[in-house]
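Participant: Residues per chain, in single letters:
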Amino acid sequence: MIGIISYLAFFLTIALILAIAVLGLNLQWGFTGLFNGGIVAFFGAGAYGMVLLGGSERIDGFGGFGLPYPIALTGGIALAGILAVLVGIATTRLRHDYLAIATFGVAIALESLVRNAEFLTGGAKGLRGFERPFESVVNSNLGYNLLFLGFVVLCLLLVYGFLEILVRSPFGRLLRAVRENERAARALGKSPPGIRLTAFVLGSMIMGLSGALYATFYAFISPQDLAPILTFQIWAMLIVGGSGNNKGAILGTLVVWGAWVGSGWLLSTLAPSDWQLYAGSIQYILIGSIIVFSLLWRPRGLLPEKLSTHDYSTQLRQSTQQSTQQTTQQTTQQTTQQSQEIHTKPTEAT
Amino acid sequence: MLQSLFDGILVGSILSLGAIGLTLIMHILRFANFSHAELISMGAYFTLTLDAMFAAISSTLVTQLPMLSVTISLVLAMLFALMITGILAATIDKLVFKRLREKAGPLTMVFASFGIGLIIRNVIGLVYGLKSTHYNSDIAFAMMLSSDPLLLVKADQLFILGITVVVMLGLHLFMSRTSVGYALRAISENPVLAQINGINLGAMVRLAWLIGGALATLAGVCYALNNQLSPVMGRDLVLSLFAAAIVGGIGSIYGAALGGLIVGLAGSLALLIIPTGYKPAVPFLIILLALYIRPNGLFGEEQ
Numbered sequence: 001m002i003g004i005i006s007y008l009a010f011f012l013t014i015a016l017i018l019a020i021a022v023l024g025l026n027l028q029w030g031f032t033g034l035f036n037g038g039i040v041a042f043f044g045a046g047a048y049g050m051v052l053l054g055g056s057e058r059i060d061g062f063g064g065f066g067l068p069y070p071i072a073l074t075g076g077i078a079l080a081g082i083l084a085v086l087v088g089i090a091t092t093r094l095r096h097d098y099l100a101i102a103t104f105g106v107a108i109a110l111e112s113l114v115r116n117a118e119f120l121t122g123g124a125k126g127l128r129g130f131e132r133p134f135e136s137v138v139n140s141n142l143g144y145n146l147l148f149l150g151f152v153v154l155c156l157l158l159v160y161g162f163l164e165i166l167v168r169s170p171f172g173r174l175l176r177a178v179r180e181n182e183r184a185a186r187a188l189g190k191s192p193p194g195i196r197l198t199a200f201v202l203g204s205m206i207m208g209l210s211g212a213l214y215a216t217f218y219a220f221i222s223p224q225d226l227a228p229i230l231t232f233q234i235w236a237m238l239i240v241g242g243s244g245n246n247k248g249a250i251l252g253t254l255v256v257w258g259a260w261v262g263s264g265w266l267l268s269t270l271a272p273s274d275w276q277l278y279a280g281s282i283q284y285i286l287i288g289s290i291i292v293f294s295l296l297w298r299p300r301g302l303l304p305e306k307l308s309t310h311d312y313s314t315q316l317r318q319s320t321q322q323s324t325q326q327t328t329q330q331t332t333q334q335t336t337q338q339s340q341e342i343h344t345k346p347t348e349a350t
Numbered sequence: 001m002l003q004s005l006f007d008g009i010l011v012g013s014i015l016s017l018g019a020i021g022l023t024l025i026m027h028i029l030r031f032a033n034f035s036h037a038e039l040i041s042m043g044a045y046f047t048l049t050l051d052a053m054f055a056a057i058s059s060t061l062v063t064q065l066p067m068l069s070v071t072i073s074l075v076l077a078m079l080f081a082l083m084i085t086g087i088l089a090a091t092i093d094k095l096v097f098k099r100l101r102e103k104a105g106p107l108t109m110v111f112a113s114f115g116i117g118l119i120i121r122n123v124i125g126l127v128y129g130l131k132s133t134h135y136n137s138d139i140a141f142a143m144m145l146s147s148d149p150l151l152l153v154k155a156d157q158l159f160i161l162g163i164t165v166v167v168m169l170g171l172h173l174f175m176s177r178t179s180v181g182y183a184l185r186a187i188s189e190n191p192v193l194a195q196i197n198g199i200n201l202g203a204m205v206r207l208a209w210l211i212g213g214a215l216a217t218l219a220g221v222c223y224a225l226n227n228q229l230s231p232v233m234g235r236d237l238v239l240s241l242f243a244a245a246i247v248g249g250i251g252s253i254y255g256a257a258l259g260g261l262i263v264g265l266a267g268s269l270a271l272l273i274i275p276t277g278y279k280p281a282v283p284f285l286i287i288l289l290a291l292y293i294r295p296n297g298l299f300g301e302e303q
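Taken in sequence, the protein lines are chains A and B.
When you line the first sequence up against my numbering, it's residues 1 to 350, in that order.
When you line the second sequence up against my numbering, it's residues 1 to 303, in that order.
No wet-lab data here; the hints were simulated from the structure.
Mixed in with the good hints, there may be bad ones.
[What the hints assert, rightly or not] Straight-line distance between alpha carbons at most 27 Å, and here's what the computed DSS-like set of lysine-lysine pairs gives:
id	chain 1	residue 1	chain 2	residue 2
1	B	131	B	279
2	B	94	A	125
3	B	131	A	125
4	A	247	A	306
Remember, predicted model here, so these are calculated numbers, not experimental data.
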């Protein structure tokens, strides 16, 4: 029983840490239509940034300042944000697939950096020696894992709440406007490159948070954790769950992570020993197929994006009423009637 | 230094072959195809299989060309693989990209291309094994043309350079002298106007995939001759291909050819100042530099 609980806690901790990254991707791809080809870079920046700032002192290299955990965590998130600004400024003005190429590139560049810059990142050995917060207070291993799971859930809820408020705010509508029709957004005097950059950097910082939590959980980070497959997994989670829907993103994470762990377990128990070498390839094909077939057959995912025509039209009506009342009194009656007619139609249709 | 220059030009010419196909597709279909590099692996591995088949059919085919490690059967196999890879590329487009084009935006195709690339790469790994191989096990004994310690040149490498020059010249003549070449350029410049003039969009898209697949196969075989075959060869090349296409300017064939040389030379010369481990980051730095300084590339037009 204890075994099952501790395994379940472990599974959920990792899945929910990844769910945070999926929420970050949802802000970029789901709401703004930005393609991030190197999620793992921002995840990694958060992880390494956090360990370098919060880890215990290193004899053979830079970093290990032993800063308090909240500061280290913020530092990791900030590093992911800086990386995103660097890539974002160069690409958000350009052809949309340039962002995909540049982010794909930054992941490769970061991986080669952490693999080789031993002085900074410990090279292939990675960075160890990180004291997890409250580790000395809680005695049992299971107890600590449950406590940490609670902390991850708290972070997930904070990110979820933040994103829900964000996408319902005027800025959220702006994001979707840029995604759906950039030219129309520009015609209304908005600046799509700036909006895209903001969404990209915010999403990348959320991925940085995810990476930092991951490194905290293991108290260890190495280039092995930054394998390119992570980027693919996170995409698969979002597209299965439903891009543009934050609940869907979390659901998709649990489904795909379950399928990943389950298929790994099946292959390791059922496959003959000379096939074990290829188990990874089979799992990768599984993830690739999930992505391609979801895009072809179920592009909106398990929980599709809710385009709330009703809320939107009410808000619009209110705002038109306010603005027209302020300006001219004579035409007020007419315009509100007109706008009501125009904006109630789609609501009735749905 | 001299050796670095030579290696850079050699790798660059291989990259050019791959980047030309990539830039064609990026321009006509307006999406960055991340699975393009997997066509390189596919072509190289198809050549491996066909080479073994031809060698089994007739022993005369196994004779090596003078001074080279390349056999007649390998050349034959490559020619068949060109066609097979091209047709497969067009088939993948028909099965996946075409459907996504009809109902979703270009970025969805980018998304799918990552998935397709992942599938192809791992299927190759399953079928051919994860270890790297060579076409010819005595490749190491291929004739050295120059024994000067400052510059080692293998005959095979000159063969690769020769192939790329001939192919690029052929492609140049095709694009600038034939009506099909004109049609292809017209479609990539302005699809609507070209269709009004009676050019068949579907046929041109298929042609672009055929050319892209064929050039990718050539690049794959040349790369395998110079290095080795491995299931991840495409993944290792993909960023360099994009760097070449962006430096040259998306849609420009000559730009991609020149961009390939620039990226190849930069990668090879960079090793003179930075440790080998950082080499994978070089194409990314080139891309970032190009996007900051000259986002439309050397020969690209405003997007």
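Participant: Hints first: check each against the structure and report whether it holds.
Facilitator: Results for each hint:
1. Proximity of residue 131(B) to residue 279(B) is assessed by CA-CA distance (about 22 Å); at most 27 Å being required, the pair is judged to hold.
2. The suggested pairing of residue 94(B) with residue 125(A) is violated, with an alpha-carbon distance near 45 Å, which exceeds 27 Å.
3. Between residue 131(B) and residue 125(A) the alpha-carbon distance is near 24 Å, which keeps this suggested pair within the 27 Å criterion.
4. Simply put, residue 247(A) and residue 306(A) have alpha-carbon atoms about 11 Å apart, close enough for the 27 Å limit, and the pair holds.
Of the numbered hints given earlier, the model fails hint 2 alone.
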